[in-house]
Amino acid sequence: GENVEQHPSTLSVQEGDSAVIKCTYSDSASNYFPWYKQELGKRPQLIIDIRSNVGEKKDQRIAVTLNKTAKHFSLHITETQPEDSAVYFCAAYTSGTYKYIFGTGTRLKVLA
Amino acid sequence: EAQVTQNPRYLITVTGKKLTVTCSQNMNHEYMSWYRQDPGLGLRQIYYSMNVEVTDKGDVPEGYKVSRKEKRNFPLILESPSPNQTSLYFCASSLNFGPNTEAFFGQGTRLTVV
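Residue numbers (our numbering), protein chains in the order written: chain R, -10 to 101; chain D, 6 to 119.
Take these hints with a grain of salt, some might be off.
[Unchecked claim] Derived SDA-like pairs: lysine to any residue, alpha-carbon spacing no greater than 25 Å straight-line:
# : chain 1 : residue 1 : chain 2 : residue 2
1 : R       : Lys31     : D       : Val57
2 : D       : Lys62     : R       : Ala18
3 : R       : Lys26     : D       : Val65
4 : R       : Lys31     : D       : Gly21
It is worth saying that the hints were derived from the structure and are not from the lab.
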């Protein structure tokens, strides 16, 4: 079945450095890729997303890139801050399937 | 305030004792779903509902039931809970289902089955 692989599972960076989380999807028909952030003890919340007809999208310090040929997409966080510490989930959606496939999550720790 | 509300937040129960976790949304969303979150496995979909009286299995439906009698409510039923259903459960809703449709999650229910 379809799956989404996410790496790394944990990531520690110094405050101010950049962080990159990568996901690879298996269904070439996937056409929408959201990223969710889950702070400790809280619910996942959408932070950025990208459609398959777009190669890159930015929102202040976060950006997502998509490589359809390689079937992978990445989350980039620049100038990391302690409040960026959380678990990040990528997901892939394919029209007609009515469900998201989530990655296994990346625990990001920003060290002050 | 627009929100998805789950109850209870925490539940400890014994094997075989039927339980229901409630989920309610006040945003008139058509699509609702249940996920379980386990360490190293991420979020896995249990069941989803496209609209009232329309439900379907997700990736891990075994041992669970759902119903969608009203648009706002989507309860998760465990008829005979077992220890392998110990997990963190999230309900989510979205306006409909498709690209660019944000999923709003409830605050989660931590279930322990002993």
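task = For the pair we were handed, R:Lys31 and D:Gly21, check the Cα-Cα distance against 25 Å.
result = 29 Å, violated
query = Are R:Lys31 and D:Val57 close enough, with their CA atoms no more than 25 Å apart?
reply = 28 Å, violated
task = Take a quick look at whether D:Lys62 and R:Ala18 sit within 25 Å of each other, Cα to Cα.
result = Holds, at about 21 Å.
ask   = Is R:Lys26 within 25 Å of D:Val65, Cα to Cα?
value = Satisfied, since the Cα-Cα distance of roughly 23 Å is no more than 25 Å.
Violation of the numbered hints given earlier is confined to hints 1, 4; the remaining hints are satisfied by the structure.
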